[in-house]
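S.K.: Dock chains B, C, D, E and F against the given chain A, drawing on the hints supplied.
Listed below, chain by chain, are the residues.
Protein chains: 6
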Amino acid sequence: MALSARNHLKGEITEVVLGTVTALITVKVGDNIVESVITKHSAEEMKLKKGDKVTAVIKATEVMVQKD
Amino acid sequence: MALSARNHLKGEITEVVLGTVTALITVKVGDNIVESVITKHSAEEMKLKKGDKVTAVIKATEVMVQKD
Amino acid sequence: MALSARNHLKGEITEVVLGTVTALITVKVGDNIVESVITKHSAEEMKLKKGDKVTAVIKATEVMVQKD
Amino acid sequence: MALSARNHLKGEITEVVLGTVTALITVKVGDNIVESVITKHSAEEMKLKKGDKVTAVIKATEVMVQKD
Amino acid sequence: MALSARNHLKGEITEVVLGTVTALITVKVGDNIVESVITKHSAEEMKLKKGDKVTAVIKATEVMVQKD
Amino acid sequence: MALSARNHLKGEITEVVLGTVTALITVKVGDNIVESVITKHSAEEMKLKKGDKVTAVIKATEVMVQKD
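Protein chains in written order, with our numbering: chain A, 1 to 68; chain B, 1 to 68; chain C, 1 to 68; chain D, 1 to 68; chain E, 1 to 68; chain F, 1 to 68.
Excised from the complex, chain A in its bound form:
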């Protein structure tokens, strides 16, 4: 199965915070921390929890570039 989203960053969940509608999932990817806001429904259905091996997936049109 292939998804057109270009960016797939493998990591491990370090924290899950559930709100009423949304959830914050924090993922350690190499030396970086990636934060994701998804629906609480998804977090619950996928049973996301600390320690889970997951992939952060990001569409290329959503990525900006910053130059110092």
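Hint data in this document are derived by calculation from the structure and do not stem from the laboratory. A quick note: this is a predicted structure, and the numbers were derived from the prediction, not measured. It cannot be assumed that every hint is accurate.
Have a look at the derived ranges for each label pair, beta carbon to beta carbon [claimed, not checked]:
hint, chain 1, residue 1, chain 2, residue 2, range
1, E, 47, B, 10, 36 to 46 Å
2, B, 15, A, 53, 24 to 34 Å
3, D, 1, F, 18, 31 to 41 Å
4, B, 12, D, 33, 40 to 50 Å
5, C, 2, E, 14, 44 to 54 Å
6, A, 53, B, 10, 40 to 50 Å
7, E, 50, B, 8, 34 to 44 Å
Which chain E residues stay away from chain D? Per the calculated CB distances, all over 12 Å, these [to be verified]:
hint, residue
8, 28
9, 33
10, 51
Heads up, the beta-carbon is just placed ideally off N, CA and C, and yes, glycines get one too.
M.R.: This is chains B, C, D, E and F only, laid out in the frame that chain A set:
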């Protein structure tokens, strides 16, 4: 200066492709490749080119989570 | 494999237009037409073409609601 | 009045969940379910409720394509 | 007709650039310039051209905040 | 420091609402009101509060165009 976007991934540009309206910027971040579609205007104004040290910036609401 | 994106609409590709950086993929979903702009790289790697059975995938935070 | 967003999916609201900042609106579109996260302000101002006829609106750059 | 997108900025188009898949629409909003990337299809169907009075529409989840 | 996002609208915060995961930041930009949904983490780390001078930052691919 602080930006609310939660995700800042430092890396180096490996390729710049310019279209008419948009540009594809490929950034090596650790062991990962991150692809970004921005406007050609931005790519030109920032003079983005292979070898530039840049940061890929991503809003947390744009990040999905995949569990295998 | 599970992805947090809440919306998965099954359909069939009716048109593929390739630009320099991006590609327009048109998908017939039931009685609706769904248009997607992805990178040309993805369209080529996935060998997307007219007649392919695909799923349009959309993160819930990207969906607006209109009331007439 | 015309909006550049390419995707307009007509349906009926099946559930509204209000959080503090955001709201989850679930819409039945043909045989599909479409979930939308909008601000609670919008949900309240538009008085969105179960049974409302609405249109899910999605910008083409936000749609991904998956091939099985 | 009401749309859940929270941000509606009225202005006037100052430039339209058409690519193969996408189009860049530049809109003067008060003292600000707002740039939009939409599909070429939309730009053509809406016959967008310099001088048109338009509204830039932005979903609240797409807006970041920067503090100097 | 330069960021590829094309749209930078300067203004002043008129309201901050904190949820569990997200926060709603309302910014007065000239005669317009711009609403932003960011993570509560960002709102707290940046100590965003009423009266702060801030810039609303928006990627061009997230802006739609409406013609009346």
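S.K.: Against this structure, judge whether each hint is valid.
M.R.: Checked hints:
1. 47/E x 10/B: 36 to 46 Å: Hint holds: Cβ distance 43 Å, inside 36 to 46 Å.
2. 15/B x 53/A: 24 to 34 Å: holds (29 Å)
3. 1/D x 18/F: 31 to 41 Å: holds (35 Å)
4. 12/B x 33/D: 40 to 50 Å: At roughly 42 Å between Cβ atoms, residue 33/D and residue 12/B fall inside 40 to 50 Å, so the hint holds.
5. 2/C x 14/E: 44 to 54 Å: Holds, since residue 2/C and residue 14/E (Cβ atoms, about 45 Å apart) stay within the stated range.
6. 53/A x 10/B: 40 to 50 Å: With Cβ atoms ~23 Å apart, the hint is violated.
7. 50/E x 8/B: 34 to 44 Å: holds (37 Å)
8. 28: Non-interface label stands for residue 28/E: nearest chain D Cβ at 17 Å, farther than 12 Å.
9. 33: holds (18 Å)
10. 51: holds (17 Å)
Violated hint: 6 only; the structure is consistent with all others.
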